[in-house]
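Student: The residues making up each chain are set out below.
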Amino acid sequence: MIALETSQLKLAYGERVIIDGLDVEIPKGKITVLIGCNGCGKSTLLRSMARLLKPKTGTILLEGQMISKMSTKEIAKQLAILPQGPVAPEGLTVLQLVKQGRFPYQSMLRQWSTEDEELVNKALEATGLDELRDQDVDSLSGGQRQRAWIAMTLAQNPDILLLDEPTTYLDLTHQVDILDLLFTLNRQENRTILMVLHDLNLACRYADHLIAVKSGEIYAQGSPEDIMKPSLVQDVFQMDCEIISDPIFGTPLLIPHGKGRNIVRKEG
Amino acid sequence: MKTKRWLIIRRGKAERVSLLFEKRSFWMITIFSVLLMVTFLLTAGAGEVYVNPIEVGKVIFGLDANAFSKLVVESFRLPRMIVAVLVGMLLAISGSILQGIVRNPLASPDLLGITGGASVAVVMFLGMFSDPKTNALIVSIHWLPLIAICGALIAALILYSLAWKNGLSPVRLVLMGIGVWALTKALTTLFMVKSVIYRASQANVWITGSVYGANWDHVSILVPIALLLILCTFFSVRQLNVQAFGEEIAVGLGGQVSKQRLWLLTLSTLTAGVAVAYGGGISFVGLMAPHIARRLVGSNYGALLPISALIGGFLVLLADTIGRTLFLPLEVPAGVFISILGAPYFIYLLIRERG
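These protein sequence lines map, in sequence, to chains P and D.
Using numbering that gives the first Met the number 0, read the first sequence as starting at 0 and increasing by one per residue.
Using numbering that gives the first Met the number 0, read the second sequence as starting at 0 and increasing by one per residue.
So here's chain P without its partners, still in its complex pose (with noise of 0.2 Å):
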C-alpha cells in the first residue's frame, strides 16, 4: 500500500534545480525516514509532498489522487506538515494552538463542534499537554512547546504525518520524548509518518523504511538492517564509519572514524 508517491518530480528555487526526475513511494502505515546530508534535498522533497512546494514537472499522488487536483482543505484532512521550527503567534494559549488543527474541517458557523472538541481533546491527551492546555506557548520549553505543534496536526485528524526535522534543537531526552510519541502514533493509530532526522541512529531505530538522499536523487531505500552499510555512509554523508548493532534494539548504530580521545589502544 502505498500512501505518497512522486513521478517524474521536478523541483526548483527559482531558476536553482534541486531535484530532476525523481520516483519514490512512501509505504502506507510506516515510519519512513528521509536522511542525507545538508542541500541534498531532502527537505525540498518533503515540502513538495506537502505542497509548500509547487514541482515545476511531474506529479505528486495522495492515495492514489493527484494532490495538484485537490483542494488545499482536502488534502489537510489527509496529511498535516510540521515545518522545521515553527513560530506561533505572541500570546497564544496551547488550545488556541491545537484549536488550529481543526481550520480544515469548520466554517463560518461551524467552529467548534462536538467532534472538534473530542479530536483536540485527544490530541492534547495523546501529546501529554492535558493540563497545560491554558498556558502561553511561548512559556513551554522546547520539548513541550514540539509536542504542541504535533498536537495541533494531530487535531487534523490525517492519516499521513509529514514532520521536517521535528528533533531539531531539543535535548537528547527530549529527541527521544518525541520519537517516542511518533512511534506510538504509528503503532496504535497506524498513522503513516514520514519525517527527515539528523541523527542516523535514532533513524535506524525507529524508522521502518529509510530513504537516502543524494544530490537530488535517491542513493538507496529499504530497512535500516538491509541498506546501512559502511559503504552507504561514505557515499552519502563522506565520512567512514563502523556499523554495530544496538546492544539493546538490535539496529545499525553507526560509531563515526576520525578523531578523539582513544583508551583502548594506550596512548604513548
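Hint data in this document are derived by calculation from the structure and do not stem from the laboratory.
Just so you know, not all the hints are guaranteed correct.
What the hints assert, rightly or not - Pairs of lysine-lysine, DSS-like flavour, derived with a Cα cap of 27 Å: (1) K76(P) - K9(P); (2) K121(P) - K22(D); (3) K213(P) - K53(P); (4) K53(P) - K164(D); (5) K164(D) - K68(P); (6) K76(P) - K121(P); (7) K72(P) - K121(P); (8) K12(D) - K121(P); (9) K55(P) - K258(D); (10) K55(P) - K76(P); (11) K72(P) - K12(D); (12) K76(P) - K53(P); (13) K68(P) - K258(D); (14) K53(P) - K29(P); (15) K213(P) - K27(P); (16) K29(P) - K213(P); (17) K258(D) - K72(P); (18) K258(D) - K9(P); (19) K213(P) - K258(P); (20) K68(P) - K27(P); (21) K29(P) - K68(P); (22) K72(P) - K164(D); (23) K258(D) - K53(P); (24) K258(D) - K76(P); (25) K53(P) - K68(P); (26) K9(P) - K164(D); (27) K121(P) - K3(D); (28) K164(D) - K55(P); (29) K72(P) - K29(P).
Keep in mind the model is a prediction, meaning the values are calculated, not measured.
For chain P, the structure is supplied; the task is to place chain D on it using the hints.
Tutor: Just chain D, lined up with the frame of chain P:
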C-alpha cells in the same frame, strides 16, 4: 472542557451552528465598550462651553435639553467625536490585519506608506486645484476623502506589486513598505514646497491628522462605510487566525494563502484609506492599538479585533478632546498628541524586539 472559562453554543441539526467563546474576552469587550461610552459622554461636555454629562445624555437621547447646549453638542461636538471614534477604530483594525499577515508587531499602515500615499494625493489635490491669487479651492472640498482613498490604494498597489514574487512575502512587504513610506514622505514635502503657503499649512494640519470640521454630512457617509468594513473584517477572523501562523502552517492547515492575503491586504488598505480620508494622517494608532490589545487578550483575532478597535477609537477620541480643549482658544490636531504618545511607544517596541 471547563465551561467556567468557555461559552459553547451548539444549535441545529447535526450541529450546523457551533461556536466557542472565551468568557474573559467577552468581559474585556464589555469593559472597554463601557469605558469608551463613558469617555464619550464626558468629553462631549468638554470645550469652550462646558456642558454637564446629564445634559449631554439628554441631547444624545433626544430628550428635552437646553437649546444652547443642544446646539453646541449636537452640531459641533457629536459629529466630530463620532468621526474621531470611527477613524480610530478603522486605523486600529487596519493595523491589526497588517500585523497578522506580516507577523510583525511593528507593521502598520503608516509605516508601510499606505497612509503616506493618501497624504501625497491630498497635498497634490490642494496644490493643483487652488487659485493662486485668492488661495481658494476651485473645486469642492468634498472630493478630499475620495482623493485620499485613491492615494492610499495607489500606494498599496505599488507596494504589493513591488513585494509580489511568487506570492506575497511578508519580509519583502515590510522592506518595500519602508521604501514606499520614504517616497511618499519626499513627494509630500515636494508638493508642499511647490504649493501656496496658506494651502501648505492647511495640508500640514491634515497630514498631522485632525478631525476638525467634521459635520453630520461626514458622519452620514462614514458610518455605513465603516460598519461595512468592520463587518467584513469580523467575517475574516478565521482567515486572520490562520494567516498569523505564517505561510507554511497556513497552507498545511488548508488555508488559501495568496488569495486570503490579497483579500486581507485589500481590507486593510481600504480601512486605512477611509480613516485617513476623514481623520488625516494620524500616525501610530494602527501600531499601538493592536499591540496593547494583544497584551490584554492574546493573539486570537476573535478577541483581538474588537478590543483593538475599541482602544483605537478611545485613543483618537481622547487625543482630539485634548487637542481642542487644552490650549483654548487654539486647536491642536489630534495627531500631535497621538504622536507624543506613539513615538516613545514605537521606540519601546523596537528596543523590546531587539532584546
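Student: If a hint holds in the structure, say so; if it doesn't, say that too.
Tutor: Going through the hints against the structure:
1. K76(P) - K9(P): Holds, at roughly 26 Å.
2. K121(P) - K22(D): Holds - the C-alpha atoms of K22(D) and K121(P) are around 23 Å apart, at most 27 Å.
3. K213(P) - K53(P): holds, 21 Å
4. K53(P) - K164(D): Given that 27 Å is the threshold and the Cα spacing comes to 14 Å, the pair holds.
5. K164(D) - K68(P): Status holds; Cα separation ~23 Å.
6. K76(P) - K121(P): holds, 16 Å
7. K72(P) - K121(P): Measuring from Cα to Cα gives roughly 21 Å; hence the hint holds.
8. K12(D) - K121(P): holds, 24 Å
9. K55(P) - K258(D): holds, 21 Å
10. K55(P) - K76(P): holds, 25 Å
11. K72(P) - K12(D): Measuring from Cα to Cα gives roughly 23 Å; hence the hint holds.
12. K76(P) - K53(P): holds, 19 Å
13. K68(P) - K258(D): Roughly 17 Å between the alpha carbons, so the hint for K68(P) and K258(D) holds.
14. K53(P) - K29(P): holds, 25 Å
15. K213(P) - K27(P): Between K213(P) and K27(P) the Cα gap is close to 23 Å, so the pair holds against 27 Å.
16. K29(P) - K213(P): OK: K29(P) and K213(P) at ~22 Å, within 27 Å.
17. K258(D) - K72(P): Holds: K258(D) and K72(P) sit about 14 Å apart, inside 27 Å.
18. K258(D) - K9(P): Within the cut-off at roughly 25 Å; holds.
19. K213(P) - K258(P): holds, 25 Å
20. K68(P) - K27(P): With Cα atoms ~21 Å apart, K68(P) and K27(P) stay inside 27 Å; holds.
21. K29(P) - K68(P): Holds. K29(P) to K68(P) sits at ~25 Å (cutoff 27 Å).
22. K72(P) - K164(D): Holds - the C-alpha atoms of K164(D) and K72(P) are around 24 Å apart, at most 27 Å.
23. K258(D) - K53(P): holds, 16 Å
24. K258(D) - K76(P): holds, 20 Å
25. K53(P) - K68(P): holds, 12 Å
26. K9(P) - K164(D): Distance ~20 Å between K9(P) and K164(D) Cα, so the pair holds.
27. K121(P) - K3(D): Holds. K121(P) to K3(D) sits at ~20 Å (cutoff 27 Å).
28. K164(D) - K55(P): holds, 16 Å
29. K72(P) - K29(P): Given that 27 Å is the threshold and the Cα spacing comes to 24 Å, the pair holds.
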